[in-house]
Structure formats: structure tokens, C-alpha cells
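Asks: Given the sequences, and given the hints that come with them, work out the whole structure.
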Amino acid sequence: MKILSALSAGASLAVSLLALSMPANAQVADSLTIYNAQHEGLTKEWVEAFKEETGIVITVRNGSDLEMANQIVQEGANSPADLFLTENSPAMALVDGKGLFEPVDKATLDLVPEQFRPANGHWTGIAARSTVFAYDKTKLTEDKLPKSMLDLAKPEWKGRWAASPSGADFQAIVGAFLQLKGEPETAAWLKGMKENFTAVRGNSTAMKAVNAGQFEGALIYHYYYFGDQAKTGENSKNVALHYFKNQDPGAFVSISGGGILASSKHKEQAQAFLKWLAGKGGQKILRDGTSFEYAVGKDEASNKALVPIADLQAPKVEPSSLNNAKVTDMMTAAGIL
Amino acid sequence: MTFTTESMVASRPRRKPAGKPLAGSSWTLAIAVAIAALTLTPLGFVFWATVATGWETASQLIFRSRVGDLLFNTVALIVFTVPVATVLATALAWLTERTDLPGAKLWAWLAIVPLAIPAFVQSYAWIGMWPRLNGLGAGVAISVVTYFPFVYLPVSAALRLIDPALEDQAASLGLSPAAVMRRVVLPQLRLSLCGGALLISLHLLSEYGLYAMIRFDTFTTAILDQFQSTYNGVAAHMLALVLVACCFVLIGVDAAVRGRRRYARLGSGVARHPVRASLGVWRYPCLLLPVVTTAVSLGVPVLTLGRWLIAGGADIWQFSEIGLALSQTLTICVIGGVATAAAAVPIAWLSVRRPTRSSRFLEGCYYLASSMPGVVVALALVTISIRVMLPLYQTVATIVIAYVIMFLPRALVSLRASIAQVPAELEQAAESLGRSPARALWSTTVRLAAPGAASAMALSSLGIMNELTATQMLAPNGTRTLAMAFWALTSEIDYAGAAPYALLMILFSLPLTLLLHHQSKKIAGR
Chain A
1 MKILSALSAG ASLAVSLLAL SMPANAQVAD SLTIYNAQHE GLTKEWVEAF KEETGIVITV
61 RNGSDLEMAN QIVQEGANSP ADLFLTENSP AMALVDGKGL FEPVDKATLD LVPEQFRPAN
121 GHWTGIAARS TVFAYDKTKL TEDKLPKSML DLAKPEWKGR WAASPSGADF QAIVGAFLQL
181 KGEPETAAWL KGMKENFTAV RGNSTAMKAV NAGQFEGALI YHYYYFGDQA KTGENSKNVA
241 LHYFKNQDPG AFVSISGGGI LASSKHKEQA QAFLKWLAGK GGQKILRDGT SFEYAVGKDE
301 ASNKALVPIA DLQAPKVEPS SLNNAKVTDM MTAAGIL
Chain B
1001 MTFTTESMVA SRPRRKPAGK PLAGSSWTLA IAVAIAALTL TPLGFVFWAT VATGWETASQ
1061 LIFRSRVGDL LFNTVALIVF TVPVATVLAT ALAWLTERTD LPGAKLWAWL AIVPLAIPAF
1121 VQSYAWIGMW PRLNGLGAGV AISVVTYFPF VYLPVSAALR LIDPALEDQA ASLGLSPAAV
1181 MRRVVLPQLR LSLCGGALLI SLHLLSEYGL YAMIRFDTFT TAILDQFQST YNGVAAHMLA
1241 LVLVACCFVL IGVDAAVRGR RRYARLGSGV ARHPVRASLG VWRYPCLLLP VVTTAVSLGV
1301 PVLTLGRWLI AGGADIWQFS EIGLALSQTL TICVIGGVAT AAAAVPIAWL SVRRPTRSSR
1361 FLEGCYYLAS SMPGVVVALA LVTISIRVML PLYQTVATIV IAYVIMFLPR ALVSLRASIA
1421 QVPAELEQAA ESLGRSPARA LWSTTVRLAA PGAASAMALS SLGIMNELTA TQMLAPNGTR
1481 TLAMAFWALT SEIDYAGAAP YALLMILFSL PLTLLLHHQS KKIAGR
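If you're matching them up, the sequences are chains A and B in order.
Residue 15 in the working numbering sits at position 15 of the first sequence; the count goes up by one each step and never skips.
Position in the second sequence counted from 1, then plus 1000, gives you the working numbering.
One should not assume that every hint holds.
[As the list claims (entries may be wrong)] Label-pair distances were calculated between CB atoms; the ranges are:
(1) Asp151(A) <-> Leu1507(B): 48 to 54 Å
(2) Val1084(B) <-> Ala333(A): 32 to 38 Å
(3) Ala49(A) <-> Leu1390(B): 33 to 39 Å
(4) Val1079(B) <-> Glu52(A): 56 to 62 Å
(5) Leu1507(B) <-> Lys44(A): 32 to 38 Å
(6) Val57(A) <-> Pro1511(B): 32 to 38 Å
(7) Asp1069(B) <-> Pro103(A): 41 to 47 Å
(8) Thr198(A) <-> Ala1342(B): 45 to 51 Å
(9) Ser31(A) <-> Arg1447(B): 44 to 50 Å
[Unchecked claim] The following residues of chain B were derived to be distant from chain A, with all beta-carbon distances above 10 Å:
(10) Ala1049
(11) Ala1141
(12) Arg1258
(13) Ile1386
Since the hints were derived computationally from the structure, they do not count as laboratory data.
Model, not experiment: these values are computed from the prediction.
We put the beta carbon where it would ideally sit given N, CA and C, even for glycine.
Replies: Following this line, the structure appears as C-alpha cells:
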């Protein structure tokens, strides 16, 4: 009896120790782990469609762009991630800067036009989104809108607009501004922003607040409006989108990236998934799905509801040189973060 | 012969056991010290991070206007919320325990139910009803409504225990009822009021979801914003340092206000039950207070949740996803609850059987460690596990360690009370009948303290179920607890989709809250 109870106690202790040291979802042999900073819904659609086609199971860890990028950098060679998907490019630039990406197969790179991927071929664009000024159409008419993103830092816009500065989306916009205009002008703009804007948490919240009449406008990305309109429209019925155009920093088109980690133990499957993402399968989901982000594949049209990407007159920004550490420092120095 | 010595033993005050102490006590002390060292790692980490950063960068990051804004917000929040919540809770406690308010038992129960509603769900409900809510006023209002039960519980328990003889004597010496209240009753409530106020303040410092939803920036929201931007950046550590300093200040203030005076009852016999004061013509007007409090603290969440559930219809009930989240949450709650209760056993046993200075010091360490916000604990564990203990990184073990650090005192309180109810003589009798010390402990104290251990596990599980920030930062890949799913959905303003998760969290917390209510009646006043 004593021996039996001692044995059972020992066995349960061993089993519990084993259970504790395992991650929640044990890795199956033919499976991938994605560190996903894209919207959960979109990646879920991708992952499920890929699984239907190829049978490869994918475990997704969700987070935000920079949080996960920094996490990957800190994990280094021990990272369990095989792929990293982001909403914006600075996070990709951060990981690439530490040399943690595996070069993407040429066949995949050929599927994506040059302006949507970095020159070094260490990662590729998988989707894109345009910066817009979402405004309350009951309060602002066309002539009262800001002509350029720089106008938003001027005194006449004090207390009239909102943004989500803690998010990677906005930091990417500031990163593009930094690349296009240089440090002194960016610092001045951030100073004006601190005086004028109100911080909210999340672009959806910003749009909802504009819709409710709390602010006249918000500097966000385009797809929130279309996504809400496709649902009930209750958070965007008073909202209209203003595209800055004219190669203004406010017309910045941010590229969502996908890259394969050099530390991955499933490189072949990872390359296959990235090829599928940049190719017909993944881009089709962007076109027909509910995410309303721009498709980037060669000859792949985006969703019908969107303004064609060629008409956006976006400024030319090199995605691999977007320096997020500098942006965060500058925003911290300006008192925004 | 035997009965006279027995009766003599029974009437003598309990003294230290004769002969050699139980062989296990030095081992127990060693284990308790090891656990204390573990729980103090977040504090150690914050200090190490400050030292490693260097004074120049650190001072640049600490002494800037943003930190000033955050400090102002945090101080204003505490200064306004704590007095309002304390006054409200004390008034409610007095009305339900000491007067003939109609339905007093019901109101007593309803005053505790808000504990089953996580703070971020309460905030979600309020902005569901009033979408434009933001800023300090909203923060104070929602915080009062969420946290007043923390003062209500100890104060109502203390009011039950106070000997009415003191009040009768004061009245017979000529004091008016108001003066009796001020000079006799309130001083005796000092410990409960201080304890409750400290608990509320510490929760205000560590809460994230509530304030994030209403656009009110505090240290914790700023730390998480920094974390999302830089993962483990220096600025996040510096903010954590300021936050830890605030916690120390609060603990110090509480210790100072508590004072050294204690109230004890001397003399034979037992205190009689306090007579409930008659409210007379004020009976129904006084009913307004519990009714309004319940309407605001419970009515708003119930109405909003109901509205979102009905508006969402059948679409929001994605059973496969909800089921997965539920099973993951329950698993982690059970594992965490068991681990926390087990970790609390050595110190609970020591503080009851060997109450020396070292055991009191160790207890103080546990309380200090648990007062650190979840985000600081998670930040510390992430850094330590990545740099030092890589096999533990992103496993269930790390998150369980975080829960042990954060919820150990809850388990400690229940365990200690139940072990205290088991007389040491039983263990000695078992030993004298031939069992080894360990077996004697097992067959007597452990068996009899089992209900306390069960409630310790339940209370820790309640905390774990509603925990958001540490879970988000430490959870292994593929984990999606109810709280995480709720937060992800509300961030995408899918409020209807988040409603089933909120409902499940509340439903599973309700039985645990019932247990807490039952527990508070038993452990009253300690």
C-alpha cells in the first residue's frame, strides 16, 4: 500500500513536471509556428485555406508588430517561430537588421512587384494598406480638410484629431515621415502633434470616436472603414476617407511583410506557405475576403470597393530602411509615448 | 488519574511543545524561504534593470513630463477613488450588518457579487451604455463600483465581531449615537478600513483593461504601450520602477496609519450579538443606497451584456472557439490554483505553528511581492526566462510561476485560518501513537485543513480566471484564455462577439464569489 501510494505520487509528480515544461500546444512534426502581427481574422482565413490545400497545420501566436519583432530578436536562434507576418514594414526591418531572416525563394519574390518588397530579398510584402484621414463628413467639408499631413501639426488643428500612437501602424506612418522629411522636421511635427492630438487605443476605436462626433478626424489606415461598412456600418456611417495623394507623407502605403526565420526547423514548408501567401491562394483571400487590405501580387487585383493602389499617388519609401527604434525614441522624447 | 491531568492540560494556556521540535520545521522554513526568494524576483529584476541602465539614461526616462502626467493621473485616481469607495462600502456594511434594513441579507450578498465581474468587463459594460465616457471622472466612477467590495468584505466582517458592550457603555456615559459611532465603532474598524483601502489602491495601480478602454493613461497602460512598441525596452523598465516605488509608498502609508493599537476582549463569556439599530422613518430612504449601488454595479453590466448578446444573436456563439478558450482557461486555473495553494502551505504552517520573527518577515515578503502589478511580474519573468532559463520560456511553467507570485497571499489567508483551527495537540497525539512526523502531519492537520486548502485553491483560481496582462505576455503559443479572447475582440470593437466570453467569465466566477462570501463569515476579522 505504502509503495503503491509512493509510486503513484511519484508518477503524478513526474507527469505534472512534464506537462508544465511543455508549451500549451505540442508541436506536431508537419506543422509550422507563425508569429502573427496581422489581424487575427485575416491570418486565420489564410491558415485555414492553406491547411485545406496542403494539410499542413499551423500554430499561430498573435501579438503586435513591434512586440513580436523585439521578441524574435530577443529569442534569437532559439525562437520557436518559423514565419513572421506583420502589418507594417518597420518590424520586418528590425528583425532583418539583426540578420535573423532566411532569404526568400526567388520564385516567391517573382510573384511580387519590386515596390512591394525590399531590395535584399530577405522578406516580401504580402498585403498593403494606405494612410488616410478618416473624417466626420457631417462636420467637415472638402475645402476644410487638411491638404497635407503636415497641416495636422499646425495650431488650427488643435484638439480636432485623434490617432493611436502606441500602435505599430501609426509608428510606421511616423517612420515613413522620418525617411521622407528627415529628423528635424519630424521632431517639429511630433511636437505639434503632441499639442493637437488626442490619443486613443486602436485605429478602430479612433474611427468609432470620429463617427460618434468626438473628433473631427483621425489619422488611420483605410481598411477599417471598408471593413465596418461591409458589416453593419454602425461605426462608420458618419465617416468619409480623405486620401492625401501628391506623394505626401500622408499618402504613405505601408507594406505588410512576411518572412522566414533563419532559425526555423521547417524551412521548406515555410517557403511553401510564403509562396502561397504571395501567390494566387493568399491574394485571393485579400480580394474576396473581409479584410479590405490591398493585394500586392503581380496582376492580382485588390477588392473592388477600394480605390486602386495606382491612384493613391503614394510617396516612394524604402521599406527596409524604416527605423522604428528612432521613431519610438523621438515619440518618447516628444512625450507621446 | 488521566482525566485530572487532561483537564489540567486543557485549562492551561497553550505552550510550546516539549521535546525536540518536529523534524520537518527546518525543511519547511527552507522551502518557505526559497518560495519567498522566487516571489521577490520581479522586485529584484526592476532594481537590476535600473542599475544596468545607468543613472543617466534612467533619469532621462524617469524625470520627463509624460511620467509627470502619468503620476498625476495615478495619484488623482487613488485620491478620489479610495475615499469614495471606503465611505460607500462602510455605509453599506453598517446598513446591512447593524440596522434593520429590509432584505439586509440580500443586499449583503449583492454587495459582494461585483467581485465576480472582472474590472475590464465592468468598463466594457459602461462604455457600452455611455460610449463617450473617458478621463478621470469615468475612471473614478468605474473604479469605485468595481472595487468597493474589497472594503465591504473586511468591514462587514469586523462589524459582526465588534462587542456591542463597548457601545452600550459609551451610550450610558452620555454620548450621542453619532459620537458613539465616531469614537467607539470607527476606531475598531481601523484595521479593516486600512486593509481594504490598501487593497483597492494596489488594484488601481495594477489594473490595465479598465483604463485602457476609457482612454485614461496610468503607469500600467503606459508600460504595456511601451511593451507593445519595444517588447522589453528600457523605458518600460523605468516606468515599472516608478510604479514599484508608488506601491512601496502606499504600503508605507498603510503601515503608518494602522498604528500599533489593537483591540481585544478581556474577561469571560462571549460577546453578545449586536442589536440591530432601528431606522424608523429612515427605513425606506436608506434602502436607496443599496438599490442604487446594485443598479450601478450590477445592473449596468447585466443590461449591456444582455443587449450585446441579443444583438449578436446566434452568430457570436462560435462554440468551437469558445469551447477551446473555456477549456484552456479552466486548465490553467486548476493548475495555477493547485500550485498557488501548494506554495502557500509551508508559510501557512510556519506562521501558525512557529510564529517567530522570521516567519512574520517571510509573510511580509509574500505580501510585498504580490502587491507588484501583474505587468511588472510578467516583464521580469519574460526577461529572466529568455536570458537565463530558456527551457522555461513560453511554457506553462512560467505563467504558473507568475500566478503563484501574484495570488499567493489569497491562498495564504484561507490556509492559515484553517490550519489555525486544528490544535497542535492532535499532531502530537498522533506522533505519540507512533507515527513519523510527516505522517502525523498528513493524517491530522492536512486532512482537517482540507476545506481551507480547497477554498485557497478556489480563491486563487478566481484571480487567475480574470487575469489579463500577465497572461497576455507570458502565455505559450496557441493559448487563448477567455480574458485574452475578450480583450482581442474588444480591441477590434467587436463588442457583440466579446459578450459570450464576458458572460462565461462571470458565470464561472460566481460560485467562487459565493465561496468568498461564505469564507468571510467564518474568518471574520483576522
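Asks: Confirm or reject each hint.
Replies: Tested hints:
1. Between Asp151(A) and Leu1507(B) the C-beta distance comes to about 51 Å, which sits within the given range of 48 to 54 Å.
2. Between Val1084(B) and Ala333(A) the Cβ separation comes to about 37 Å, which falls inside the hinted range of 32 to 38 Å.
3. Range check, Ala49(A) to Leu1390(B): Cβ separation about 34 Å, and the 33 to 39 Å hint holds.
4. A beta carbon spacing of about 57 Å between Val1079(B) and Glu52(A) agrees with the range 56 to 62 Å that was offered as a hint.
5. In this structure the supplied range 32 to 38 Å is violated for Leu1507(B) paired with Lys44(A), their Cβ-Cβ distance being about 26 Å.
6. In this structure the supplied range 32 to 38 Å holds for Val57(A) paired with Pro1511(B), their Cβ-Cβ distance being about 36 Å.
7. In this structure the hint that Asp1069(B) and Pro103(A) lie 41 to 47 Å apart at CB holds, the actual value being about 45 Å.
8. A beta carbon spacing of about 48 Å between Thr198(A) and Ala1342(B) agrees with the range 45 to 51 Å that was offered as a hint.
9. The hinted window of 44 to 50 Å between Ser31(A) and Arg1447(B) holds, with their beta carbons roughly 46 Å apart.
10. Residue placement check: Ala1049(B) keeps its beta carbon more than 10 Å from all beta carbons of chain A (closest about 14 Å).
11. Distance check on Ala1141(B): its Cβ is at least 18 Å (rounded) from any Cβ of chain A, clearing the 10 Å threshold; non-interface status holds.
12. The Cβ of Arg1258(B) lies farther than 10 Å from every Cβ of chain A, with a closest approach of about 38 Å, so its non-interface assignment holds.
13. Distance to chain A contradicts Ile1386(B) as a non-interface residue, since its nearest Cβ pair spans about 5 Å, not more than 10 Å.
Of the numbered hints stated above, those contradicted by the structure are hints 5 and 13, listed in ascending order.
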